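Asks: Chains X and R supply the protein sequences, listed in that same order.
Under the numbering used here, the first residue of the first sequence is numbered 1, with each subsequent residue one higher.
Under the numbering used here, the first residue of the second sequence is numbered 1001, with each subsequent residue one higher.
If you are wondering where the hints come from, they were derived from the structure by calculation, not from laboratory data.
Remember, predicted model here, so these are calculated numbers, not experimental data.
The C-beta atom is built at its ideal place from N, Cα and C for all residues, glycine as well.
Any given hint could be a false lead.
[To be verified] Distance ranges between label pairs, derived from CB positions:
(1) X:Ala185 <-> R:Glu1063: 15 to 25 Å
(2) X:Arg273 <-> R:Lys1133: 31 to 41 Å
(3) X:Glu85 <-> R:Glu1186: 34 to 44 Å
[To be verified] Mimicking SDA-like on lysine to any residue, the simulated pairs with C-alpha atoms at most 20 Å apart in a straight line are:
(4) X:Lys272 <-> R:Lys1012
(5) X:Lys272 <-> R:Phe1104
(6) X:Lys21 <-> R:Val1136
(7) R:Lys1022 <-> X:Asp5
(8) X:Lys11 <-> R:Lys1113
(9) X:Lys11 <-> R:Lys1017
(10) R:Lys1157 <-> R:Asn1067
(11) R:Lys1128 <-> R:Val1111
(12) R:Lys1095 <-> X:Ser17
(13) R:Lys1082 <-> X:Asp5
(14) R:Lys1017 <-> X:Arg273
(15) X:Lys272 <-> R:Ser1106
(16) X:Lys11 <-> R:Phe1104
(17) R:Lys1157 <-> R:Lys1022
(18) X:Lys274 <-> R:Val1061
(19) X:Lys4 <-> X:Ala146
(20) R:Lys1075 <-> X:Met89
(21) R:Lys1095 <-> R:Asn1067
(22) R:Lys1082 <-> R:Ser1106
(23) R:Lys1099 <-> X:Leu14
(24) R:Lys1007 <-> R:Asn1204
(25) R:Lys1082 <-> R:Asn1184
(26) X:Lys4 <-> R:Lys1082
(27) R:Lys1075 <-> X:Arg273
(28) R:Lys1178 <-> R:Glu1198
(29) R:Lys1112 <-> X:Thr7
(30) R:Lys1012 <-> R:Glu1032
(31) R:Lys1095 <-> X:Leu14
(32) X:Lys272 <-> X:Trp104
(33) R:Lys1099 <-> X:Ser17
(34) X:Lys11 <-> X:Ser100
(35) X:Lys11 <-> R:Val1111
(36) R:Lys1185 <-> R:Leu1202
(37) R:Lys1185 <-> R:Ile1175
(38) R:Lys1115 <-> R:Met1101
(39) R:Lys1082 <-> X:Lys21
(40) X:Lys272 <-> R:Glu1063
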Amino acid sequence: MGNKDFTSILKLDLNQSIRTKGFWIYSLLFGGFVAYMFVSGITESQIIGFVGLGRLLVTFMQVCMVIIPIYVLITVVRSIVGDKENNVMEYMLSLPISFSSFYWGKFFSKFIVIYTPLLFSLILAIVWGEIINLDIPWEFFWLYSALLAAMVFCFLGIGMFISVYTHSQELAVSSAFIIWLILVAFLDLLLMGMMLKLRMNPDVVIGIGMLNPLQVFRVGVLVLFDPKLTTMGPAAYYILDTVSRTTFIIFSIVYPILLGYLFALFGVRRFKRKDIL
Amino acid sequence: MTENIEKEILIKSGGLKKSFGKIEVLKGLDIEWKAGDKIALIGQNGAGKTTLIRCILGQYVFEGSLNVLSMNPRKQRVEILKDVGFVPQIPPPLKITVKEMISFFSELSGVKKEKFTDIANSLGLDIKGSMSKPFVALSGGMKQKLLVSFALGREPKILLMDEPSANLDPAAREIFFKYLSGYNKEALLILSSHRTEEIKDLVNRVVEMDFGRIVLDKYL
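This is chain R alone, in the form it adopts within the complex (with noise of 0.2 Å):
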């Protein structure tokens, strides 16, 4: 723990919590990720992962105190964003062309295009081959490896991704773990994930929740 001590606070939140009507899905959290933070976060379904992340990604309002990159996820959200990176669960249905796609977000972030198709192809995607089909037909394990590569061109100082190996077949998640394990050691990584056993060389804190809760939270 004390290696991290000097290191800036990327992600802190006092108390904080999110309610869906009668029920409290995050019951007062107190988080501090800074940054070089690889962190595992674990829980079963229902814990409040996903509700967590997105409440840093400012989609959810909620009480008490969350800072990410010293700012606030709601009122300065677009400011955040633009340093944060996200990979989902289930990738969304565009029905756009990945030469769509990948212009879209090259407009959006002022990355380089061939950023993003050098990305996706070291991670074995025929991006040649895929640029004319709409990304809602390409198979999980393409969409994906598509959607990391748009996260980490744009090189995140927070990058957040759920499940992120879900689709990759075992050959693609070696690639992409040998790929994350390279990334910018300064950035704060968050990775959740049911799979403890494939992430643990990646990642140097875990973080477990249960129930809104933290009720682990260790540096390996």
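Chain X on its own, in the form it takes in the complex (with noise of 0.2 Å):
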């Protein structure tokens, strides 16, 4: 992979993306729904021990865990299979750029354009709390900066996955929901069902549930509070009651990294020999 082709077509992808009207939406979607929980009092309330800047940005976070790994996995299952599908690849691919830097190009660039936006929000809702004089919960903003972005980069792993090995945008969007319905059918309402069901040993339903990226997310986020049963779900209160606040901490932020890795190489790795159109 050549440093300048991969510059260029990182800088070429950006250029792009920022000119969709989704990426405006999706950015004011996120920084829209911080000011809105400031405007609404959120930081104000307490619900089940969380308050101030802390409940509203886990409030944030429960969101982002609904919408960001459905969104980055349609965003991303598009981009390889829908640049053949447009005749963008044909001539991209005409140019004296490897196939390692067109995708890792094309990676890091829908990284950036879906994590900025992440990033400026708990920034944006940082930076009011100050105007406001809120205390500043900065351990919750490092975790949660991190954790978006294994997040993030975890499905779009996945994404550029899928979009490798698809044939056509149908598809590869069909195969995304598919996966997205699976890891979420397999957090605390599925494993507990196993649980009583099968009769399975807790270990194994938990081993399960931490490997699912989204079960990993929706712990980490609420791994700096106190583990109660009723906030968390039953997994959620396993897994901490089982392991260290701090190893699940580094589990949350590297693991899914790790996985979004792996897929990321599975796919690159096709790319490189197979037909690219």
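Since each chain sits alone in its own frame, please combine them into the complex, following the hints.
Replies: Below you can see the structure in the form of structure tokens.
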């Protein structure tokens, strides 16, 4: 992978992405959501122990958990296969750009485009909190910035993998949706169902839960609070009861990144070895 | 044919095959295309022209041997493509502006921006008036002129053009052909086209493909 062609593709894809309406709608949605939470007085409410800016950030992260994975998947799965279908790839890869540079240039461009508005939304919350003299929970800010980066990276890797392996945008989007549904289904609800119906060993069930990046993200968001069964759900409660907080924080950041990287790596291997059109 | 015997072979293949599933699209092509050849690559839809071009560009894996500039297009793709210019039949729908596109090509190829803009101007494109427009918003002819400028500006040894004049109006087509006829005499020019009448004055060799085979190969 050459530096010059990598940066050229990165810049090109960034320029392409910021010209789409979707990017601005997405950015305004998250920035607007933070602003709305301040205006609606969420920092002044106290629900099950969460209060102030910490309460706002937890709510923001819970919204991110619902929206970001499916948004990343649906946006990214169309990138490679979409470029194939609309003749972008035929032309771009007639230029002296290596397959790896093309792939990773698009990967990191998408990462910047998806992650930056999220990070800015968190920064907006901190700045606003400073202005209205709230206590700033810096440990939340750092953890949530890292968790969001890890989650975006993870689903980006999965999305790029799907995009390389599928032959049409429709199939890519359907596959992404099915994967997301499975991951959502394997949050607490299905895990508890398995535990009760199949009389499985709780460690096995929780182990399955820990493989699910959504579950890891969910527990990671709540890890700084006192574990309470009612707020976290049984799987998260059990996980935090079993492993130390520090261990889980490290795991919740490293595991999704590794998982995303692994998928991205399988994607680029195929991309380099097969017909690209 | 004799005048080209001493020329350097730029593209050579032996038993080149390409299949998609059970369908064999290229059925063992033997090619020897040399510097200075101006080839009209003709044939009906499905003859295998585009597949052959994509093999040359390293975009497809293939069976048999294929050497472009004495290198393997899959293993040394980037090296080869530094000396290959390509103009596609369907321009990519890029949303970036013309200005950004020129910067992209200049950065990638190390060629000054002015060179691209000069060629585009000489092809009749109002480059100054188009700079801030997204590439995708240009007319078909304008897009084609810009892509031709990028291909020619890099002064490649091999110029591959897939129906390059399809979107050009008659006046622009005339300028384009005039420009091409004056292009580097030592370059290998491959024009894939249905409009054989139009390009006959531009080429010195005709290669006709049919159902994945070369059925005619003659110097004019």
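Asks: Determine which of the earlier numbered hints do not hold for this structure and return their numbers in increasing order.
Replies: 1, 4, 5, 7, 9, 15, 17, 19, 21 and 39
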